[in-house]
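The primary structure of each chain is shown beneath.
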Amino acid sequence: MTPPPIEFLLYGGALALVALGLAGLVMARHLFRSILALGILEAGANLLLVLAGYRAGGVAPILTPGTLGQPMVDPVPQALVLTAIVIGVGVQALALALALRVHQAYGTLDVAEVRGRMEADTDAAAGLEPETSRDLPAVERPS
Amino acid sequence: MNAVVLAVALPLLGAFLTPSLARLSLPLGRLFGPGLLAFCLWLLWGIARALGDATAGVALGGFAPPLGIAFHLDRLALLFALAVPAMVLALWPWGGRPREWSLTLVLAAAATGLALSGDLFNLYVFYELLAVASYGLIAANQRPAAQAAALRYLLLSAAGSALALLGIALVYTQTGTLNLAQLALLAPVSLDGPLGLAAFALLLLGIGVKAEAFPVNTWVPEVYATAPSRLAGLLAGLVSKLAVLVIVRLLLVVFQRPEATQLMLVLGVLGIAWGELAAWRARDLSRQLAWSSVGQLGIVFVAFSLPGETGVLAGLAVALHHLLVKPALFLLARHWNGALEGLRGAARRAPLAGALFALFALSLVGVPPLPGFWAKFVTLSGLFAQPGPLCSLAAVVILTATLVEAAYLFRTLTLLFGPGGEEPRMAPHGALDLGTATAFAGLLLAGVIWLQPLTGDLHGIARQAVDMDTYVDTDLPTPRP
Amino acid sequence: MYWMVLLVLFVTITAALAVLLAPNLLAAVAASSVVSLALSVLFVILRAPDVALTEAAVGAGLSGVILALALRRLGLWGLGDDNRPAPAEGSGDA
Amino acid sequence: MRNLTTLLFAAGLGFLLLVLAAGLPYGHPPMLVGQGILQQAPATTGAANIVTSVVLAYRGLDTLGELSILFAAAAGAGLVLGGHRRRRRPDPDGGFILIAGADLMFPLLLVVGLYVILHGHLTPGGGFQGGVILAAAFFLPLLGRPREALDHTAISWIEGLAGAAFIAIGLWALFARGDFLAPMLGKGVLGQLFSAGTLPLLYAAVGLKVGAELSGLLADLAATEARDP
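Chains as they are written, first to last, in the working numbering: chain S, 32 to 174; chain L, 1425 to 1905; chain C, 75 to 168; chain V, 12 to 240.
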């Protein structure tokens, strides 16, 4: 059996990153780890996009005396990924800022606890008694 | 026509400069943004008048369309592009800090870009821009609950965006282009298969986060219950509609196939059922309105999944109606955000607000003379005209949901107008909120009076939106391959 | 070449797993920087030097610094088992 | 339950995409747009780095959007963190090595950052990468001496004006040539520092803006208290 071509290996790797990122987002119980998992998901998508423009035997799309006349890889996906990487880091920074403030206010970044505290806070602001029927962990009422 | 890009560039310019200007002089910083938006409104109005029934493509930077980014101008795009500065002006956060004005301007620019762009990746960039601006605005009020809601929303929405990017990567791998018009030409061959459907599902899931589509709408009550009411109105009214517009464009132009439409229909039906039942269970007004928004967006999805001109007409009717009604309801609910039980007799103490609330609520349910009835009627008659059990099921679900909607909204109205409520613990409505809501009510009533010409206009828009030959010829002037 | 791609892919996936499963968050942040660095090697192999440079500067450098800074402000900076004594963090079977 | 559903979804998605991969033209992309750009770009923009041509000319609006996303993220983080920036216990000063190292690195990073920005149209790199290096240059001294603060007014002006400069170059092209962000000025000789018309100017604006944005963001993060006691 011949080994699969290099592009398919990379394609599989990118999909593995995406699947790992999604799984991490779903299963993480600490919001900080969710943010890290998000980074992995984006990395997988970026790898896939660069792969979309890869051309077997092509050279990098920069004109130098050495590359004139040779087939080049597609420059467009590279530009797109450039954009996507910068977008990703901006979103990550904003997420971390929010996580810092949530941690300051609630003292925890546990996914379920933060959700419980948030619902309780919203209920309290609306003047509602905390709901007991919902399948949330019991949390102490904020004073 | 090329000046249309100013409607995107100028708000961004304003956003960059507002914080610095506000340091120099606060009044200048305060008026800069609204001034720019008013100019954009005037500019877009002029372009819409000049364009009339025609369509136009704008090649940004002068690079012939398949290579560069293209804007596609038609009546549908301009309708939503005009709605953006108008709505943002109506819901402008006058009391905020300079950075909030900045972010609101960014939101306006991104929303305009979403309405106009005819390039897949450009749509993704504007979508992300819209999302990032809204995270910042939601968290701006320093309430811990709002920040927690913003963080949870961010994680969901960013995961959705990454999936959408994955979808774009699949489309690009298969076709090698991002221009929607060129994709429209290639799609029947290249994207016809499970791959195209997978790409559409990924894009739908990603953009559906903002459109409050069924599986990815858990953020809706959390954010709308904690965000400032003007922002909640903006997100529920305007931003969700633009996300829907992007999905509809993709559906009409690129992924025109029965499986994609059925996917949208199913998600819409699930959204209606889920949203209206949750709204019925809600115990406070902001979350009731939030869930009802999910239900309404479900109806929009179902309406747009109808084939051809009927679908676009019905979807537009429901979407525009909701665009007008929901922000006004959020504005009126601002001081009534407590538990429903605590609202006893609140409308008696604020008769104008109560009357307006009743008007909007009745239109939302679809009581006959009001535009809401007409919107639902168009959708339902379209559904009944379709063969197949799925469409009939959707029609039944919409009818049942209307009953549920009527039940909880009448319950709220009975509480509001009923007797009781000794302690007036609620502050009176601000003049600005009431004025804005009254203006929206005026527009709604105008819709009743001029229903005939309005229907004609919407028919024209729908006819143009489904005309793919014109779309392709406009954006790709070079002869077809 | 072929084996190099395999090796880098293996490093990437292992580091990604480590991000999700590492017992403490500092190690997870370090692993996420490794993911970015390995990706930038892959980008070089895919003839995308611009992207590789960006991934190295932004993904590994800047994002690592931001994450580490946030971790420090969260008071989770350390090689202990986790911030909370209760169940082990992200042990996979949540 | 929810976890299980989503995991099944993720696994199913991965499997489905893996199966679909067989039909995808990896390694031999269709390059409908790519081929056209490769042929046209050197003559149209005059930049040796074709990725730069795509980023700043063919897809210039995406780059403007990207800049705005960074701006919105930094402004959002400032709004979120800036509510009460009280520095009751600033971190202790870094040691001699950190301070001396930061002082030594500052000019070096500054020069490297500017080099990367200004050669973006010739070699890999450009405004975003160089901007990150600039931000590192300004942030390092802050690690050594946490009591000093960045001048937030200056940062706000730099990011505002750099962003405005990007849009202004675009508007200039709109009024002079009729197209927003169309390439302007002479193209020069391919491969020279002064070539490619307005592209280096655009990248300079991007670099300054990214640098100012990120150093402000890093300073905001560094200045946030650990936790209210």
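The set of hints was computed from the structure by calculation and includes no laboratory data.
It is possible that part of the hints are untrue.
[What the hints assert, rightly or not] Rough simulated footprint, nothing fancy, chain L against chain S, three-plus residues with beta-carbon under 8 Å: (1) 51-61; (2) 68-81; (3) 88-100; (4) 128-138.
[Unchecked claim] Far from chain S by the CB rule (all over 10 Å, computed), these chain L residues: (5) Leu-1506; (6) Leu-1579; (7) Pro-1639; (8) Glu-1646; (9) Thr-1862.
[Unchecked claim] Selected chain L positions facing chain S (Cβ under 8 Å, derived; list incomplete): (10) Pro-1568; (11) Ala-1569; (12) Gln-1571; (13) Ala-1574; (14) Ala-1702; (15) Ala-1706; (16) Arg-1707; (17) Gly-1762; (18) Gly-1769; (19) Ala-1819; (20) Leu-1823.
All values derive from a computational prediction rather than experimental measurement.
Even glycine gets a Cβ: it sits at the ideal position worked out from N, Cα and C.
Now the hints, each set against the structure:
With 3 residues carrying a beta carbon less than 8 Å from a beta carbon of chain L, the region 51-61 of chain S meets the three-residue requirement, and the given coverage holds. Beta-carbon proximity to chain L at under 8 Å applies to 8 residues in the region 68-81 of chain S; the threshold of 3 is reached and the given coverage holds. Using a Cβ-Cβ cut-off of 8 Å, 0 residues of the region 88-100 of chain S lie near chain L, which falls short of the minimum of three, so the contact claim is violated. A stretch counts as covered by a chain when three or more of its residues have a beta carbon under 8 Å from one of that chain; for the region 128-138 of chain S and chain L the count is 6, and the coverage holds.
Residue placement check: Leu-1506(L) keeps its beta carbon more than 10 Å from all beta carbons of chain S (closest about 28 Å). Against the 10 Å criterion, Leu-1579(L) falls within the reach of chain S, whose nearest CB is about 5 Å from its own CB. Distance to chain S confirms Pro-1639(L) as a non-interface residue, since its nearest Cβ pair spans about 13 Å, more than 10 Å. The Cβ of Glu-1646(L) does not lie farther than 10 Å from every Cβ of chain S; its closest approach is about 7 Å, which violates its non-interface assignment.
In this structure Thr-1862(L) is separated from chain S by more than 10 Å, as the shortest Cβ-Cβ distance comes to about 26 Å. Hint on Pro-1568(L) holds. Least Cβ distance to chain S is approximately 3 Å, under the 8 Å limit. Contact between Ala-1569(L) and chain S, as hinted, is supported at the beta carbon level, the nearest pair being about 4 Å apart and thus within 8 Å. The interface hint given for Gln-1571(L) holds, since its Cβ lies 5 Å from the closest Cβ of chain S, which is under the 8 Å cut-off.
Proximity of Ala-1574(L) to chain S holds as hinted, the smallest CB-CB distance being about 6 Å (cut-off 8 Å). Interface restraint check: Ala-1702(L) against chain S, minimum CB-CB distance 12 Å, threshold 8 Å, status violated. Interface hint at Ala-1706(L): violated, since its Cβ lies 10 Å from the closest Cβ of chain S, which is beyond the 8 Å cut-off. For Arg-1707(L), the shortest C-beta to C-beta distance to chain S is roughly 6 Å, which falls under 8 Å, so the interface hint holds.
Using the Cβ-Cβ criterion of 8 Å, the hint placing Gly-1762(L) at the interface with chain S is satisfied: the shortest such distance is roughly 5 Å. The criterion of a C-beta within 8 Å of any C-beta in chain S is not met by Gly-1769(L), whose closest approach is roughly 16 Å, and the hint is violated. The interface hint given for Ala-1819(L) is violated, since its Cβ lies 32 Å from the closest Cβ of chain S, which is over the 8 Å cut-off. Taking 8 Å as the C-beta cut-off, the interface hint given for Leu-1823(L) is violated, the closest approach to chain S being about 29 Å.
Checked against the numbered hints given earlier, the structure breaks hints 3, 6, 8, 14, 15, 18, 19 and 20 and satisfies all the rest.
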